[in-house]
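Visitor: Here is how the chains run, residue by residue.
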Amino acid sequence: MDRCLSITGEMTIMAASAVRDQVLAALQESSTSATLDLSQVEAIDSAGVQILLAARRTAAARELGLVVTGITPAIAEALAVYGLDAEHLSTGATA
Amino acid sequence: MSRQDDEEIIAAAREGFLDEAREMLAQFERALLVMEEDPADAENLNAAFRAAHTIKGTAGLFGFERVVAFTHEAETLLECLRAGQIAVDERVAALLLQSRDQIEHLLDEVRTGEENPALAERSRTLGAALRAVMGAPAAADDVRPAGPGVHEAGDDAPAGESVGDGCWHLSLRFGADALRNGLDPLAFIRYLPSVGAVRGVKVVGSLVPTLEELDPENCHLGFELRVDGAPDEASLLAVFEFCADDCDIAILSPGASAADHAALLERRTGGDDAARAELLALWSQIGLELPLRRATAGAAVGEAVSSPDAAAGDRPAVEASTVPAAPSGDAPVAVPQIERRVASAPTDRRENEPERRTGGKDRRAGDETRFIRVRADKLDRLIDLIGELVIASSGAQLVASQEDSPSFGEASQRIHDLVQEARDGALGLRMVPIGETFSRFHRVVRDVCKQLGKDVDLQITGGDTELDKSMVETIADPLMHLVRNSLDHGIEPAEDRAAAGKSPQGRLALHAYHESGSIVIEVSDDGRGLNRDRILAKAVERGLVAPDAVLDDEQVHQLIFAPGFSTADAVTNLSGRGVGMDVVKRNIESLRGQIKIASQAGRGTTMQVRLPLTLAIIDGFLTSVGGVSYVLPLELVAECLEVPEECDGRTDRIAGHFDLRGEVLPYLDLGRFYRHPLPTSGRRSLVLVRDGSSRVGLVVDRLHGEHQTVIKPLGQVFQHIRGLAGSTILGSGEVALILDVPALLTRAAEISRSAVGDNRTGRTPAPHAVHSSAA
Chain C
1 MDRCLSITGE MTIMAASAVR DQVLAALQES STSATLDLSQ VEAIDSAGVQ ILLAARRTAA
61 ARELGLVVTG ITPAIAEALA VYGLDAEHLS TGATA
Chain V
1 MSRQDDEEII AAAREGFLDE AREMLAQFER ALLVMEEDPA DAENLNAAFR AAHTIKGTAG
61 LFGFERVVAF THEAETLLEC LRAGQIAVDE RVAALLLQSR DQIEHLLDEV RTGEENPALA
121 ERSRTLGAAL RAVMGAPAAA DDVRPAGPGV HEAGDDAPAG ESVGDGCWHL SLRFGADALR
181 NGLDPLAFIR YLPSVGAVRG VKVVGSLVPT LEELDPENCH LGFELRVDGA PDEASLLAVF
241 EFCADDCDIA ILSPGASAAD HAALLERRTG GDDAARAELL ALWSQIGLEL PLRRATAGAA
301 VGEAVSSPDA AAGDRPAVEA STVPAAPSGD APVAVPQIER RVASAPTDRR ENEPERRTGG
361 KDRRAGDETR FIRVRADKLD RLIDLIGELV IASSGAQLVA SQEDSPSFGE ASQRIHDLVQ
421 EARDGALGLR MVPIGETFSR FHRVVRDVCK QLGKDVDLQI TGGDTELDKS MVETIADPLM
481 HLVRNSLDHG IEPAEDRAAA GKSPQGRLAL HAYHESGSIV IEVSDDGRGL NRDRILAKAV
541 ERGLVAPDAV LDDEQVHQLI FAPGFSTADA VTNLSGRGVG MDVVKRNIES LRGQIKIASQ
601 AGRGTTMQVR LPLTLAIIDG FLTSVGGVSY VLPLELVAEC LEVPEECDGR TDRIAGHFDL
661 RGEVLPYLDL GRFYRHPLPT SGRRSLVLVR DGSSRVGLVV DRLHGEHQTV IKPLGQVFQH
721 IRGLAGSTIL GSGEVALILD VPALLTRAAE ISRSAVGDNR TGRTPAPHAV HSSAA
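Chains as they are written, first to last, in our numbering: chain C, 1 to 95; chain V, 1 to 775.
Rather than coming from a laboratory, the hints here were simulated on the basis of the structure.
Glycine residues also receive a C-beta, built at the ideal position from the N, C-alpha and C atoms.
Careful, some of the hints might be misleading.
Covered by chain C, according to a simulated footprint, are these stretches of chain V (three or more residues, beta-carbon under 8 Å) [as the list claims (entries may be wrong)]: (1) 183–192; (2) 203–209; (3) 231–237.
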């Protein structure tokens, strides 16, 4: 079962716990692949990026596909600083 | 030590936070004002950033969410400024200043514990404005165009770079608490381009655990970076200066040997093969190729994060690459080298750049060695105790002289001297330089000038003059009034100034200095000066003075301190409502201070505030009148004389004038003034006291000499008595009254003026009757 999670609000240290729980739940619920839609994310900081990295790792460990979409310019900028982009964050497993 | 419960401890810590935040705000403001002048001053931007950051961080510790949320916005904008993404312009500076005020208001909210919805709304609008400033360029800014060396991060570095290619290598491992401490690695890496071009950056993915294991507030981020064109290691370290405690930084210089690299690899991976392979792969991706390294390694472990197998398979390659490259330099030799570099880095930095020790953790660490925060009530208690000690030591001296024991006398004298030193030391603890108060006025002057459309240069001198901390707080408001008054009424608009032949830029000076036991603060402007005629006319109109009264300049000037007095034709929202100057005077008098005005029409006005150095203990001069002891502040005593004939001749007269070496001075007979029975016998003395430029003789029965005086307030019942500043307890246990010299001076002048006619006829100049005696 595919699961698409749209994250809204902030992906910052302030909201990190809640976002982690959401993403983890989405990954646990999906059987083949999951999609994270970030288009509604208002702000992101390192805590947010860290969740995305952890999500990739989790998906890889569970052999799930993970697709990160809806990268806003602000998120792209933050990722770029870290030398990351949407592809880095998605896994290549069964889409 | 009494046991404090948690609530008390938290409350105390909160006080500390609010105190610190206030200092940080002051630093923030100073930095912003310099920023307006010199937008390119990087150190200054850093100072502002650090200040905002410290406030945010500490507020976060206490859970003051509203402060954190708003300060974060301001900090983010500063971060953009630091990174050169947007330039400082007037709008940005104004917004930041408004933010500073907003932070202050939010802190006030914390202090009072009341939540004001309007303030929250303001946080939102101001926050939006801050974001708008950043947003405009940021949106069109996926690939940031600004500054030298901005990189297209994520792109692998050009191939062909290898060890010694002119790039610095940075290996960063942020500590678990970095995020919680408000240190966002993003901010630091964003800032790097200001030092050198970032050629490649990689996150060490394996450090981040899976979501299940992730504590999202812990930081698991580590980076490998290549930076081109950094001038030296110190400049790179400076970027990470205030996360030094929360970040393990290793830097390899462009010329670092393969051994150095091997050592770093060892240090980062601790011999773990998978990690080693991953790191090598990352290095390869950012263009760092170790000599003899097999080209396949990078590709093989490209996804080392999720494929440990691949990494394991690559192991031989790694071994092959590092060991032969540095035959003698395997880990044991090379590691210490890097370790040393890292360990010594913070020390070097402090030595080279002591002025940088003003931010974040570093600043706190530095301050702890130089300053200790002490609760004010503890200090007050100490000073109280010293006061009691002073009294007790006077008592011991008294006993010594009564016993007529030389050795006891000597011992008590020694104690007395030490107590005196301890007293000065204890009082010194409460002394703070006034400069901090003065520097607030940069902002006031700036804002008021913007509002009034005037151009005024603020000059501050004597900022290191010290005065009692409690006084600093009370004096700030009156000074504010004086400064605003000068800006509004004193300094003319540029056109008027030009017409009067003055430079279009006005000058406002704040000056402080010590003078005979007082601290003097002057607020002077080169404006139009007080209009004597207009003040007098207004005063007559308001019935403050009789139409036919003859007043000297000083008296006319003092009229502006009458309640509700204003000569301003137009009431501005700054001043001119006639509220204020009377409050100013009252505030200053409540500190046993005085205010005087010197003004010259067309040339400017100087307001001089004179305050006692301390409110607690003074060196006194003990006298007695009619069996009651009176203390005069010693520094005001000019000399002691035998009572001149003209003072003693007229027994019915409280005050009059006498002749001192040809100079006519007023005197006040304290015995008669306080209605003491006149002494039946014995010669009386006259103590000449001065206050500023005026002098007055006080006739007393006996002189007892110097006395350390602990000032105790007068009880409610006695507070209306004129000329008394307080009371003190003598060594004998007796109560002595402390004379308020300025008030007596005024009173003496009043009385002798009212009797000026007959005094003139009755006075016989008789220089031979005056004998100076040692003061």
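Visitor: Look at each hint and say if it fits the structure.
Guide: A quick look at each hint next to the structure:
For the stretch 183–192 of chain V, the assignment as covered by chain C holds, since 5 residues bring a beta-carbon within under 8 Å of that chain's beta-carbons and 3 suffice. Residues of the stretch 203–209 of chain V with a Cβ under 8 Å from some Cβ of chain C number 4, which satisfies the need for three, so the listed coverage holds. With 0 residues having a Cβ less than 8 Å from any Cβ of chain C, the stretch 231–237 of chain V misses the three-residue criterion, and the hint is violated.
Violated hint for the displayed structure: number 3, the only one.
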